[in-house]
Amino acid sequence: MTTKVLGLLAFVAMLVALYMIFLFAPTEATQGNAQRIFYIHVPLAIVGAYGSAILLFTGCLAFLTTRDFRWDRFAACSAEMGVVFTTAQLLTAIMWAKPIWGAWYTFDSRGTLQLVLLLIFIAYFMLRSYLPDREKRAKLCGVFGLLGMVDVPINYLSIYLFRTQHPQPVVSPGGGGLDPDMEKTFLVSFIAITLFYAYVFVKRLRLAKIEEEVEYLNQVVLANE
Amino acid sequence: MKPITAIVFKDIVIEMRSKESISSMLMFGILVLVIFLFAFESRGLEKGMVGPGELWVAYSFAAILGLNRSLAMEIDNDCLQGLLLAPLGRGELYIGKVASNFAFMMIAELVVLPVFFILNNLNFDRRFFAIAGVSVLGTLGIAAVGTILSTISGNTRMKEVMLPILQIPLTVPVVIAAVEATSQIMNNDTPEISAWLTILAGFSIVYLTVSYLVFEFAVEE
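Chains as they are written, first to last, in our numbering: chain E, 1 to 225; chain H, 1 to 221.
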C-alpha cells in the first residue's frame, strides 16, 4: 500500500516537475534552453550517485557489523541503483556538454570522478557475480563496497583541489545562488527524483528478497530430488 | 612489530629463491615504457606532457602483476591457511603483506625509474630524487589498497582478471595526484605540489587504516 502511494506521489511530482522545467522556469541568459537539463542532472547526481554511495556504504558497514543478510541485499540493491542513476546522470551531462562546451567529454575532474564512481559500482557487481558462495559473497562484497565508498569523500574533496571546467556549484554553501523561480523548479524536480528513487529502491528490495526465496526453494527442490 | 617483520622476512626469502615477483614487475614496467616510447615517439609528442602518465601507467600495471603473484603464492599450497593459524592479528598480517608488496614494488621501480629517465632523455639531477619521492608516496597508496583487493580477488573464480577491475577505479585518485605531482616536477613548476602530495599521503593513510580494520573479513573462512 505504502509503495503504491509512493509510486503515485512520484508520478505526480514528476509531471509537476516536467511542467515547471519546460514551461515555468525562465530561460537562462547565456546557456539558453540547454540549461534546463540542470534540473534533472543535479538531483540525479545528488540523489542517484551520492545517495547510492551513502546507501551502499551503510549497507556494507551494517552487514559487516551485524552479519545480517538483509543488509547485504540492501547493499546490492543500492549498488544497482547507483549504476542506473549514475549512468543517467552522465548521459545528461554529455547531452549538456556538447552544445555548451562543444565537446561530449573533456577532462573535468568532477565528471571524471563520477565516471570512476560508476566504475566502482560496476566492479562491485562483477565481484558479486564471480562469487558463488552466498556467505563469502556477502562478506567480500561488504569489504569492497566499504573500500570503494571511502573513495567518494576523496572524490568530493578533490573538486576543490583539481582545476575544473565544471560549472561551480550554485546550490551548495558558498555557491552563487539561483533565480527564485529556478530555485522553485529545482526544488520540485529534486523532490520528484527523490520520490522516484525511493519508489524504485523499495521495489528492488522486495524483488531481491523474492529472488533469494526462489533460490532457496530451488535448492530445497534439488536436495529432495 | 615482530610478526610483521617475520612476514616481510618470509616473503623476501621466498622472493630471493623464486625471483618471480620482482623480475616480472620489472620486465613488464620496462616493456610498458618501451611501448609508449614507440607509440608517442612516432607522433613527436612532447616528453614533458606524456612522460608522467607513461611512468604511472607502467608503475600501476606492474604493481597489479606483482600483487597477483604475491597472492597466488599464498593461495597455492594453502599457505594463507598457515598464516591465518599463526599467532598474529589479522591487521598485522595485512600490514606485513603491505610492507613486503611495497618493498618489492620499490625494488622494481628502482630500475624502472632510471630507465624512464634514460628513454626520455632527462638529466639525473634534483628532479630525479623528487620524482623518486613521489613514487614512494604513490606506491604506498597502491600497495595499501592493492593488498586487500588482491585478497578479495583471490577468492573469486577469475583471480587475475578480477584484480585490475577492482583496483584501477580505486587507485584513480592516486594516479591523478601522482601524475600531476610528477609533471610539475618535470616541468620545474612546483608551487601547487603540496596539495597533490597531501592527497597522496591522505589516500595512503585512509586506506591503510580502513583496510587494517576490515582485513579480517577479507580472509575469514
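Certain hints may be false.
What follows is a set of in silico ranges between Cβ atoms, one per label pair, in the way DEER data are often shown [what the hints assert, rightly or not]: (1) E:Asn224 <-> H:Ala86: 49 to 57 Å; (2) E:Met95 <-> H:Val136: 50 to 58 Å; (3) E:Ala223 <-> H:Ala195: 54 to 62 Å.
Stretch-level coverage of chain E by chain H, calculated; a stretch enters the list once three of its residues show a Cβ under 8 Å from a Cβ in chain H [said to hold, decoys possible]: (4) 96-103; (5) 116-122; (6) 126-134.
Covered stretches of chain H (chain E as the covering partner; in silico rule of three or more C-beta atoms under 8 Å from a C-beta of chain E) [stated by the list, open to error]: (7) 106-115; (8) 170-183.
Everything labelled a hint here was simulated from the structure, so no lab data went into it.
This structure is a prediction, so every number in the text was calculated from the model and none was measured.
Note that beta-carbon positions come from the ideal geometry of N, C-alpha and C, so glycine has one too.
Structure-based check of each hint:
1. E:Asn224 <-> H:Ala86: 49 to 57 Å: Between Asn224 of chain E and Ala86 of chain H, where Cβ atoms are some 43 Å apart, the hint is violated.
2. E:Met95 <-> H:Val136: 50 to 58 Å: violated, 43 Å
3. E:Ala223 <-> H:Ala195: 54 to 62 Å: holds, 59 Å
4. 96-103: With 0 residues close enough to chain H, the hint is violated.
5. 116-122: holds (count 3)
6. 126-134: holds (count 5)
7. 106-115: violated (count 0)
8. 170-183: This one holds; 4 residues, not fewer than the three required, reach chain E with a Cβ under 8 Å.
The structure does not agree with the numbered hints 1, 2, 4, 7 stated previously, though it agrees with the rest.
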